[in-house]
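Sequence lines, in order, name chains Z and S. So the mapping is simple: our numbering equals the position in the first sequence, first residue as 1, plus 811. So the mapping is simple: our numbering equals the position in the second sequence, first residue as 1, plus 811.
What the hints contain is simulated information worked out from the structure, not anything from laboratory work. Treat the hints with care, as some may be off.
If chains are identical, the list can't say which one is meant, so a pair holds when it fits in one copy or spans any two.
Capping the alpha-carbon separation at 27 Å, the derived lysine-lysine pairs in DSS-like fashion look like this [claimed, not checked]: (1) Lys-1132 to Lys-1062; (2) Lys-1182 to Lys-909; (3) Lys-1110 to Lys-1012; (4) Lys-1110 to Lys-1191; (5) Lys-1149 to Lys-1044; (6) Lys-978 to Lys-854; (7) Lys-1044 to Lys-1110; (8) Lys-1149 to Lys-1191; (9) Lys-1012 to Lys-901; (10) Lys-1191 to Lys-902; (11) Lys-901 to Lys-1132.
Protein chains: 2
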Amino acid sequence: MNRGENEEIDPDFVARLADFLGFDQGRIQHIFEKNYLARNWGKYDYLFRFDKEISRIERGTVLYEKGDSFEVIVGFPKIRRAMVLDPTLKKHFNGLEKISVEEKMNGYNVRVANVKDDILAITRSGYVCPYSTERAKEKLDLRFFDDFPELVLYGEMLGPDNPYVPKEIYGIESVDFYIFDIREKNSGNPLPINRKQRILKEYGFLQVECFGEFSLETAAEEVTKIIRDLGEKEHEGVVIKDPDMVLAPLKYTSSESNCSDLRHAFRFYNEAGRDYMLSRIVREGFQTVEWNENEAEFKNRYMQLGESILNPLRESIRTVKNGQRLYEYVRIRVKDLKTAMEFENYLKRLGVDAIFEDPQPVGNEYLINIKKVNKSTNDKTQAIWEGELW
Amino acid sequence: MNRGENEEIDPDFVARLADFLGFDQGRIQHIFEKNYLARNWGKYDYLFRFDKEISRIERGTVLYEKGDSFEVIVGFPKIRRAMVLDPTLKKHFNGLEKISVEEKMNGYNVRVANVKDDILAITRSGYVCPYSTERAKEKLDLRFFDDFPELVLYGEMLGPDNPYVPKEIYGIESVDFYIFDIREKNSGNPLPINRKQRILKEYGFLQVECFGEFSLETAAEEVTKIIRDLGEKEHEGVVIKDPDMVLAPLKYTSSESNCSDLRHAFRFYNEAGRDYMLSRIVREGFQTVEWNENEAEFKNRYMQLGESILNPLRESIRTVKNGQRLYEYVRIRVKDLKTAMEFENYLKRLGVDAIFEDPQPVGNEYLINIKKVNKSTNDKTQAIWEGELW
Chain Z
812 MNRGENEEID PDFVARLADF LGFDQGRIQH IFEKNYLARN WGKYDYLFRF
862 DKEISRIERG TVLYEKGDSF EVIVGFPKIR RAMVLDPTLK KHFNGLEKIS
912 VEEKMNGYNV RVANVKDDIL AITRSGYVCP YSTERAKEKL DLRFFDDFPE
962 LVLYGEMLGP DNPYVPKEIY GIESVDFYIF DIREKNSGNP LPINRKQRIL
1012 KEYGFLQVEC FGEFSLETAA EEVTKIIRDL GEKEHEGVVI KDPDMVLAPL
1062 KYTSSESNCS DLRHAFRFYN EAGRDYMLSR IVREGFQTVE WNENEAEFKN
1112 RYMQLGESIL NPLRESIRTV KNGQRLYEYV RIRVKDLKTA MEFENYLKRL
1162 GVDAIFEDPQ PVGNEYLINI KKVNKSTNDK TQAIWEGELW
Chain S
812 MNRGENEEID PDFVARLADF LGFDQGRIQH IFEKNYLARN WGKYDYLFRF
862 DKEISRIERG TVLYEKGDSF EVIVGFPKIR RAMVLDPTLK KHFNGLEKIS
912 VEEKMNGYNV RVANVKDDIL AITRSGYVCP YSTERAKEKL DLRFFDDFPE
962 LVLYGEMLGP DNPYVPKEIY GIESVDFYIF DIREKNSGNP LPINRKQRIL
1012 KEYGFLQVEC FGEFSLETAA EEVTKIIRDL GEKEHEGVVI KDPDMVLAPL
1062 KYTSSESNCS DLRHAFRFYN EAGRDYMLSR IVREGFQTVE WNENEAEFKN
1112 RYMQLGESIL NPLRESIRTV KNGQRLYEYV RIRVKDLKTA MEFENYLKRL
1162 GVDAIFEDPQ PVGNEYLINI KKVNKSTNDK TQAIWEGELW
């Protein structure tokens, strides 16, 4: 995997960056050497990406020279999770009268910003994704970036033509960009929810659904109702926010979303993180107790859980037993075939093993099916069928 | 946790030990410094224990001076697992006509040997367990150790009066020692199965059930039948052996045993290893595919799985929600109250937090209930109910 090269960094650059970040120069040198601050490649090689959280600078934060200073686009702040709603909401938002509840949608995170007069879509890790960039330019009213060059859109790419987390559940035909936050460059400060909503509406941008403001007193109850409804539609969950965006938001998810994550994880059981799996299972335990479920509801829940784990596992094991390879099937839809080529190189650069099939014209665009290879689970499963030991 | 002190080691001792093990002296010094070779304490401080596998010396191997040389009791060899029986058995035992199938029983491993004219029960990790030692002396015909001072009994302590893995499934009233291997000191060589069985019978020792010898050709099929029967009785599984004990054995377990492990692991979800949980889940996937189960059987399997995970999780979360603490309830039965005291100190020394209740006389012995504290799961669960984030 090639994630930015080690290189000699210009001492003058180091000095100016140290000054800008308020670090000493040795520290800057060190984080370059360790590749904690890594350069992008090709035409975006002026963009640096924090590959690790450093002194409260989020991982995925990007930084570039602008004039004789620097400009920063802060990473997606990690949103912490409420395992139970009561008393967690009251404790976390202590002092607020009301909290705001927005839908947490299930796609992939992208920041879109004006970077040195170019509109770029930057992933959670701080890479410029060529596909997301083309889609963002196609979908967004770009006047926004002229009017507010200091603001960054934080959102979720959703829909089936999505090479990372494809989902049909939102009724999106191809792929759309739903925005959940607007933040300032450099400070990373988010706009208050009202102002964010007003601006997004003004430019006709899609935004995640807001279920409204609720009194902190009854919020746990209200969120429970919302989560039950979302769960029925297989939607993921909610983000609970301070309307002024001063206190950090919290997230809470539906059982269906936990199970959907587990279905994906157990299909590629040798790739998925152990902690990822366990945390989703433990959430089911807390939810059944918090919701005080009766035996019928509980049985339903553990059957869902068991099936979400064992069914994809069986599928993968069977597939390999039958001599086939395990792939993850995704697709993209591009205007320009050059974007597909760039995206193929981009995945290669990130160490993702993917097979791009021939483009199929659809209207004035092209649909391209992609098979991502899950080598680890594939090889492990095959070895076991050949008599290897665990 | 206090697992043997760092100390100055006598240079002459180092030289002799280096000579005995065929290591250079610097290496011996190093493994002492790192505590990879650690001294037991109290009256067993002459016993050293390998706390790590070093150059194919199993972890848990113990070693002590004898005359002007040393004597070694090798650790329990790790038995590798067949994830599927076919073709694994044929591949692993390639060249053999027949293999032998023994029951794998579910208790805790103990080696019993004559160590400098004392009969000691040594745990898998290489500690002298005072409780197991008393029980072994009580249960075994000690003439064996006079007749065969060079042999070591490798077995499993089973039954309800078992402070590590209590089980009612074997119909044992208190605790019994079932032997599965006899090995020579120093070389660690196991006796061939015939000879082992003959000797064990001669001294009236309990031994794990042998289901017989099977042709390698049909072994997978035969083992499947045995495993189904064992599963119905909630028994753990089998160890498949070369009758001459030249090739390493393999193990294979029942679905019921996987689920029973999961029930225990998810009761103490914050203590149990992530890999431990995952491996038991993945086994269920391979077994359902290898056994070619229909949808009804598959549904039964995933329901069992889901319940084995979610039920203990719910129990623990509820218990803490109701203001109670999570304990693991075990018990021991001793002849001499001094053994109980020694065992309490022993657990403390190993960092196990346990509350011993008052002894209750039963016949000429004492029953003592023990509550082991599961601090990590307890504290985590309580924090979540108090509104802490994940």
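Okay, the hints, checked on the actual structure:
no., hint, result
1, Lys-1132 to Lys-1062, "between (40 Å within a copy, 22 Å between copies)"
2, Lys-1182 to Lys-909, "neither (46 Å within a copy, 45 Å between copies)"
3, Lys-1110 to Lys-1012, "neither (44 Å within a copy, 48 Å between copies)"
4, Lys-1110 to Lys-1191, "between (33 Å within a copy, 25 Å between copies)"
5, Lys-1149 to Lys-1044, "neither (37 Å within a copy, 63 Å between copies)"
6, Lys-978 to Lys-854, "neither (31 Å within a copy, 65 Å between copies)"
7, Lys-1044 to Lys-1110, "both (20 Å within a copy, 24 Å between copies)"
8, Lys-1149 to Lys-1191, "neither (36 Å within a copy, 51 Å between copies)"
9, Lys-1012 to Lys-901, "neither (31 Å within a copy, 68 Å between copies)"
10, Lys-1191 to Lys-902, "between (45 Å within a copy, 17 Å between copies)"
11, Lys-901 to Lys-1132, "between (51 Å within a copy, 18 Å between copies)"
This entry does not satisfy hints 2, 3, 5, 6, 8 and 9, going by the numbered hints stated previously.
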